Amino acid sequence: DGGITQSPKYLFRKEGQNVTLSCEQNLNHDAMYWYRQDPGQGLRLIYYSQIVNDFQKGDIAEGYSVSREKKESFPLTVTSAQKNPTAFYLCASSRRQGIQETQYFGPGTRLLVL
Amino acid sequence: KQEVTQIPAALSVPEGENLVLNCSFTDSAIYNLQWFRQDPGKGLTSLLLIQSSQREQTSGRLNASLDKSSGRSTLYIAASQPGDSATYLCAVRLGNAGNMLTFGGGTRLMVKP
Numbered sequence: 001d002g003g004i005t006q007s008p009k010y011l012f013r014k015e016g017q018n019v020t021l022s023c024e025q026n027l028n029h030d031a032m033y034w035y036r037q038d039p040g041q042g043l044r045l046i047y048y049s050q051i052v053n054d055f056q057k058g059d060i061a062e063g064y065s066v067s068r069e070k071k072e073s074f075p076l077t078v079t080s081a082q083k084n085p086t087a088f089y090l091c092a093s094s095r096r097q098g099i100q101e102t103q104y105f106g107p108g109t110r111l112l113v114l
Numbered sequence: 001k002q003e004v005t006q007i008p009a010a011l012s013v014p015e016g017e018n019l020v021l022n023c024s025f026t027d028s029a030i031y032n033l034q035w036f037r038q039d040p041g042k043g044l045t046s047l048l049l050i051q052s053s054q055r056e057q058t059s060g061r062l063n064a065s066l067d068k069s070s071g072r073s074t075l076y077i078a079a080s081q082p083g084d085s086a087t088y089l090c091a092v093r094l095g096n097a098g099n100m101l102t103f104g105g106g107t108r109l110m111v112k113p
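The listed protein sequences derive, respectively, from chains A and B. So for the first sequence, the numbering used here puts the first residue at 1; every next one is plus one. So for the second sequence, the numbering used here puts the first residue at 1; every next one is plus one.
Next comes chain A alone, as it looks inside the complex:
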């Protein structure tokens, strides 16, 4: 079964703690993306990666970090510098940048602050 998986489904963060959200895809896609969705709002781009070992900041990168050591994986770390991390986080992938390619989305991770 090809697709994008995100884990965990729910994640709780304590004050001052860094947490990492997992995103894995077996679609052989080059590009991967992280979005944040707040209640009743659209998605905002946090980071994206066009190829392994390369990534770029999106519109709201502050307080987040990513890595892209493998084509299949694009983990997102929510650092303690992110003061309002409670949101629904969505990972997506697509075959290539700059081409008419649909982005495929994972099921999301809901992050809550304790």
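These are calculated hints, taken from the structure and not from any lab test. Every value quoted in this text rests on a predicted model; they were computed, and no experiment measured them. Fair warning: there could be bad hints in the mix.
[Said to hold, decoys possible] Here are the simulated EDC-like pairs of lysine to aspartate or glutamate, each with C-alpha atoms no more than 16 Å apart in a straight line:
| id | chain 1 | residue 1 | chain 2 | residue 2 |
| --- | --- | --- | --- | --- |
| 1 | B | K1 | A | D59 |
| 2 | B | K1 | B | D27 |
| 3 | B | K112 | B | D84 |
| 4 | A | K70 | A | E24 |
| 5 | A | K9 | B | D39 |
| 6 | B | K42 | A | D38 |
| 7 | A | K70 | A | D54 |
With the hints as your guide, set chain B onto chain A.
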């Protein structure tokens, strides 16, 4: 900066009704526009993608139109069903922004049996 707006934010209709969801964008230099469906607590599923050179796309009971010059798109749902209940998001891709999408806030649709 591109801004995408969707009106209404929420809509409730009886089953069987035809309905129209609206999406507007401020920068007409788009590469394409896409409509997505999102079920509660889930990821997004692509419904229709319209290239900037196209006027409309159809898939089953769904029809999406694009008027680039006026910065508008509509998603028409014919003979609505309770299973259509979800949030519908539109997203635009600027011509010079690679594969980056700018999303609207979504329209939350409820179809009552």
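Here is how each hint holds up against the structure:
| no. | hint | in the structure |
| --- | --- | --- |
| 1 | K1(B) with D59(A) | holds (11 Å) |
| 2 | K1(B) with D27(B) | holds (8 Å) |
| 3 | K112(B) with D84(B) | holds (10 Å) |
| 4 | K70(A) with E24(A) | holds (10 Å) |
| 5 | K9(A) with D39(B) | holds (15 Å) |
| 6 | K42(B) with D38(A) | holds (13 Å) |
| 7 | K70(A) with D54(A) | holds (10 Å) |
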